[in-house]
Amino acid sequence: MNAAQFRKHGKEVIDAIADYYENLDNISPVPKVKPGYLSGIVPNEAPEDPELFEDLMADIETKIMPGMTHWQSGNFFAWFSASSSFPAILGDMYSSMFNIIGFSWISSPAATELETVAMDWLGKLLGLDKRFLAVNEDGTENKGGGSIQTTASGALVTIIAAARDRMLNFLTEQRDV
5 MNAAQFRKHG KEVIDAIADY YENLDNISPV PKVKPGYLSG IVPNEAPEDP
55 ELFEDLMADI ETKIMPGMTH WQSGNFFAWF SASSSFPAIL GDMYSSMFNI
105 IGFSWISSPA ATELETVAMD WLGKLLGLDK RFLAVNEDGT ENKGGGSIQT
155 TASGALVTII AAARDRMLNF LTEQRDV
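The numbering of the sequence shown is our numbering, which starts it at 5 and goes up by one.
FYI, nobody ran anything at the bench for these hints, they're computed from the structure.
Where hints are given, some of them may not hold.
As a list, the in silico PhoX-like pairs of lysine-lysine whose alpha-carbon atoms are at most 20 Å apart [to be verified]:
no., residue 1, residue 2
1, Lys36, Lys67
2, Lys147, Lys134
3, Lys147, Lys128
4, Lys38, Lys67
A quick note: this is a predicted structure, and the numbers were derived from the prediction, not measured.
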C-alpha cells in the first residue's frame with residue numbers, strides 16, 4: 005500500500021468507524037454466534053495473495069462484525085467499558101504512526117515526559133498532596149509521580165512490587181539491618 009492508497013482507504017475506515025458509532029445503540033451488544041462460527045466462513049489456509057481492500061472491508065462487515073461484543077454500546081452492561089471515543093481513536097492513530105515503545109526516557113523522551121505531565125495533571129485533578137507529583141510548582145523534580153500501566157494485570161504487579169519494597173524497607177529499619 006502506498007501513501008495515496010493509505011489516504012484513500014484511511015478515509016474509508018474513518019467513515020466506517022463513524023458509521024459504527026452512530027449506529028451502535030441500534031446493534032445488539034452481544035453477538036448471536038456460536039463458538040467456532042468464524043472457522044466455517046473464512047479460508048482454511050492463509051491467503052497467498054493480498055485481498056482487495058474493498059473485500060477486506062466487506063469481510064469485516066459480514067464475518068467479523070457479527071461476532072463482536074460491542075463494549076461501547078449504551079446497551080452493554082457487562083464487565084467494564086473500555087470507554088473509547090473519536091478523540092481516543094485519533095490518538096491511537098498517532099500512536100500507531102510513531103510506533104514507539106516507551107519503556108524508558110531514551111526510547112522516547114516526548115512520550116515519557118508527556119506521560120509524566122499527564123500523571124501530574126491527574127494527581128492535581130484528584131487533589132493529591134504535592135508529594136505525590138513528579139514535578140514541583142517551580143519545575144524542580146519531586147520524588148512523587150506515576151506511570152500509565154498497559155493492563156490491569158501489569159498495574160497489580162506494580163502495586164504488589166511497591167508494597168513488597170515498602171514492607172522490606174520497614175522490616176529492615178525495624179531490625180537495624
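Quick rundown of the hints versus the structure:
no. : hint            : verdict
1   : Lys36 x Lys67   : holds, 12 Å
2   : Lys147 x Lys134 : holds, 10 Å
3   : Lys147 x Lys128 : holds, 15 Å
4   : Lys38 x Lys67   : holds, 13 Å
Violated hints for the displayed structure: none, as all numbered hints are satisfied.
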